Amino acid sequence: MAKQRYIALDAMRGLTLALMILVNTPGSWSYVYSPLLHADWHGATFTDYIFPFFLFIVGSAMFFSNRSQQAVAKSVRAVKIFKRTALMFLIGLLLNAYPFTGALDELRILGVLQRIALAYCAAAFFVWLPGAWRLAVSAVLLVGYWGLLNIAADPYSLTGNLVRQIDLALLGAEHLWQGKSVAFDPEGLLSTLPAIVNVLMGFEAARILIASDNKQRAQLALFGLGVAAILGALLWHQVFPINKSLWTSSFVLLTSGAGILTLLALVWLEKLPPAVPVLKSFTLLGKNPLFIYVLSIVWVKTYYLFSVDGVSLYQAIFEFFNGFLNPYNASLVFALLHVAVLWAIAWWLDRRKIVISI
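Last residue of the sequence shown: number 358 in the UniProt record's numbering, and the count goes up by one each step with no gaps.
Honestly, the hints are just simulated from the structure, not real lab data.
No false leads were mixed into what you were given.
Pair by pair, the computed Cβ-Cβ distance ranges are:
| id | residue 1 | residue 2 | range |
| --- | --- | --- | --- |
| 1 | L94 | K74 | 26 to 32 angstroms |
| 2 | W133 | K83 | 21 to 27 angstroms |
| 3 | T159 | G224 | 36 to 42 angstroms |
| 4 | I358 | G224 | 33 to 39 angstroms |
| 5 | Y304 | V333 | 18 to 24 angstroms |
| 6 | A78 | G224 | 32 to 38 angstroms |
| 7 | Y33 | Y303 | 17 to 23 angstroms |
| 8 | V182 | P241 | 17 to 23 angstroms |
| 9 | D154 | R351 | 51 to 57 angstroms |
| 10 | I354 | V182 | 40 to 46 angstroms |
| 11 | A173 | G147 | 23 to 29 angstroms |
Values in this document were obtained by computation on a predicted structure and should not be read as measured data.
All C-beta atoms in this analysis are idealised placements derived from N, C-alpha and C, irrespective of residue type, glycine included.
Turn these sequences into a full structure, and let the hints guide you.
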């Protein structure tokens, strides 16, 4: 049974990474099916679940690493946590800078890997606490974040929220994401606090699922927890809107509950023999997630260093598919092709037993 649980977790990590590549690499942002776009502000689309699922899986993996290092001195483990955090943050910063043609005074400081690094770092220390304390920490982070946001006069707006105000004060407008026509970073410093709970929820899900002697009871408990988290999110949404950009506490509950139910679905799918090869195919991406993610970003940015007939190589490839498909399908096929190529690279790494980690 333990082996099955590992397969489910690896499959979820690989599936999440595949979806992350898919939604990040459309042939044209002008032609993307709506479920593959983020919600404009309040609410959540299919795509909005992907990043929090990745944080959830970071927490699940943390359960195994934490259990295997119980005999290691906490001081040694702490040094390793800080080193991994710093390296992951640096890799994220370098990804923002690549291909190193922009000015440093306009370099975006935050990003996906930076948020993962910071949330991982905090959660890695919180999981040393007893279970009741972990629950208390999660509650304080979620409720406390709600209270902090409401300090601002217009707490849930794009321009008036406290997340943006803090980032502007500490980092400066020129170092923030500019994708919403104003300087606002969806991976802001303050909004990383509730993201820590996504990691902690992943840790608890793995702990309940793997450590319990009664697997059926553990799965029922997790199912109840997942449903309760989603219902709690929908209720909280009435006063604290579900919002990925602000990473609201209701968004954390919604995506954590969905993460739990997704993990359970994969565990149950393992019992169906025809599903096992499909699950194992996703585990290939799950074995080298950081390398594949970094490669996917570098790959896409490199396209823009080359041009074909006056347009970037990226656009030229899209236009090729657009020549015989409608633009939405051409954009989707472009993204699916990149998922397939990166899966093939993951397969090659697995065949040679190469695991690249930090």
